[in-house]
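Sequences are here, hints too, so could you generate the full structure?
Just so you know, the protein sequences line up as chains A and B, in that order. Numbers 15 to 158, taken from our numbering, label the letters of the first sequence in order. Numbers 66 to 368, taken from our numbering, label the letters of the second sequence in order.
Calculated directly from the structure, the hints in this document are not laboratory data. There's no promise every hint is true.
[Unchecked claim] The calculated label-pair distances, taken between Cβ atoms and stated as ranges, are: (1) B/252 x A/136: 24 to 30 Å; (2) B/239 x A/50: 48 to 54 Å; (3) A/54 x B/254: 26 to 32 Å; (4) B/238 x A/45: 43 to 49 Å; (5) A/43 x B/186: 42 to 48 Å; (6) B/236 x A/127: 35 to 41 Å; (7) B/289 x A/104: 54 to 60 Å; (8) B/358 x A/54: 50 to 56 Å.
The beta carbon of each residue, even a glycine, is placed where N, CA and C say it ideally should be.
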Amino acid sequence: MRHFIYWSAVIAFTISFASCKKETTPTVVLNEKVDAAAAKPVTGSSDFSNGSYGQVTGTARIYVTNGKYQLALENFASSNGPDLKVYISKEQQPFNFVNLGSLKSTSGNQLYDIPATVNVKDYTYALIYCQQYSHLFGYTQFTL
Amino acid sequence: MKTIYITCITLLCTTYSFAQGCSDAGFCSLSVLKNNVVDTARHSLSFGLNYGIGKEKTHITNAYLEYGSRINDRLSFQSKLTATYASGFLGSAFDIGDIYGTLNYVLKNKPGYSVNIIGGVKIPLTSGNHKNGDGKPLSLDYQASIGTYDAIGGINYIVNHHWEFDTGIQVPVIQVNRSTYFPDEYTDPRAFEFAPTNNFKRKSDVLGRIGYYIQLPAAITLKPSLLGIYHLGNDTYEDRFGNRTSISGSDGFTLNGSIVGNKKFKNGNSLELLVATPFIVRKVRPDGLTREGVVNIQYTIAF
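In structure tokens form, the structure reads like this:
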């Protein structure tokens, strides 16, 4: 009986320990780039600034390639977090935004498709945002 | 009695067209709502393990520890801690899931029948947002918890130590699900078999069960049962624009069949084996409760 209780406690402790939060954004350096021959920049290249909870460097720019809009993060680097997302937003905080998906990596050049229904001119910011904990890691305002 | 039984089965089989699969949102595997076998021990400690295969061949293994304590002849307390390992083509995840606390009260215990009531809570220990090795969010089929604080209530009615009728309700009171799953983050088209569940919110369930206890020699009890669960509305998620969106077809009825066998040993310990499978499932099950069949084994030490 004592053994059973002992091992039950060990199992409970082990699974609790194993469930500790992890920083889950991959760190492999990416090098995704738009097709230079076909892509046209829609915005200028704007530098990221740090948010309250992270450090982000690099630039963001929107391109259109054959009618398809993409957000390009270039020379990008971010501190890691458990649930980092890429948003384009009408404000510096994500009140009116489009969630472009999970941040693919904390570093490198990256591309994110923008849904066809989005009028990109309405969205003047790019955000790196930890969705699970509502923490802004970094932001940039697009330049023309 | 036979008329009631046949009527209930007929209603269960014909009234609804969709259901949610051999699921365990929690309440249907809790305490007397699972199996009400007479137990006179002051305390009990159970370890259980179950395995099932969900949508797109997602393998789901669930382990739990359960502690029970009889406070007096009428009142007892149970707590249960779960953990889940799931693996499939999207990846794999392991985590603790939920902790349950329930009180059972024997309202009536007459020679011909008994009535038990159960009330409790389910507290999530994770928020349903595990990622795979590439950092991509996994669907709720892979998550150890749906991420809801639930209130649970139920009634267990046993007639002549044989027929059992259960009703129950599980209401999500606080929703802390932080799933960020969008299937279009994956290139594998099978990912679209799992509905998007970004910031998922779940509706309540009600339960009805009919079972029959069969006493066999050597202190073995068998109980085949039919379990109906009705999901009271469409679940919702937040789309890429931050708008809350209803998941059409996620409401509706589940009909599961199960058989549970319990072997009681002379020292008061017991071994329980349960197999269950759904007969009718909901059209869409974004909460990940999609197992096609479940086998559960539990060993209980009484002390």
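Right, here's what the structure says about each hint:
1. For residue 252 of chain B paired with residue 136 of chain A, a C-beta distance near 29 Å keeps the hint of 24 to 30 Å intact.
2. Separated by about 50 Å at the C-beta atoms, residue 239 of chain B and residue 50 of chain A satisfy the suggested range of 48 to 54 Å.
3. With their beta carbons about 31 Å apart, residue 54 of chain A and residue 254 of chain B fall inside the hinted range of 26 to 32 Å.
4. Checked against the hint of 43 to 49 Å, the pair residue 238 of chain B and residue 45 of chain A passes, with Cβ atoms roughly 47 Å apart.
5. For the hinted restraint 42 to 48 Å between residue 43 of chain A and residue 186 of chain B, the CB-CB distance of approximately 46 Å keeps it satisfied.
6. The hint said 35 to 41 Å for the Cβ distance between residue 236 of chain B and residue 127 of chain A, and at roughly 39 Å that hint holds.
7. For the pair residue 289 of chain B and residue 104 of chain A, the beta carbons lie near 58 Å from each other, so the given range of 54 to 60 Å is met.
8. Taken as a hint, the range 50 to 56 Å holds for the pair residue 358 of chain B and residue 54 of chain A, whose Cβ atoms sit roughly 54 Å apart.
In the structure shown, no violation is registered for any of the earlier numbered hints.
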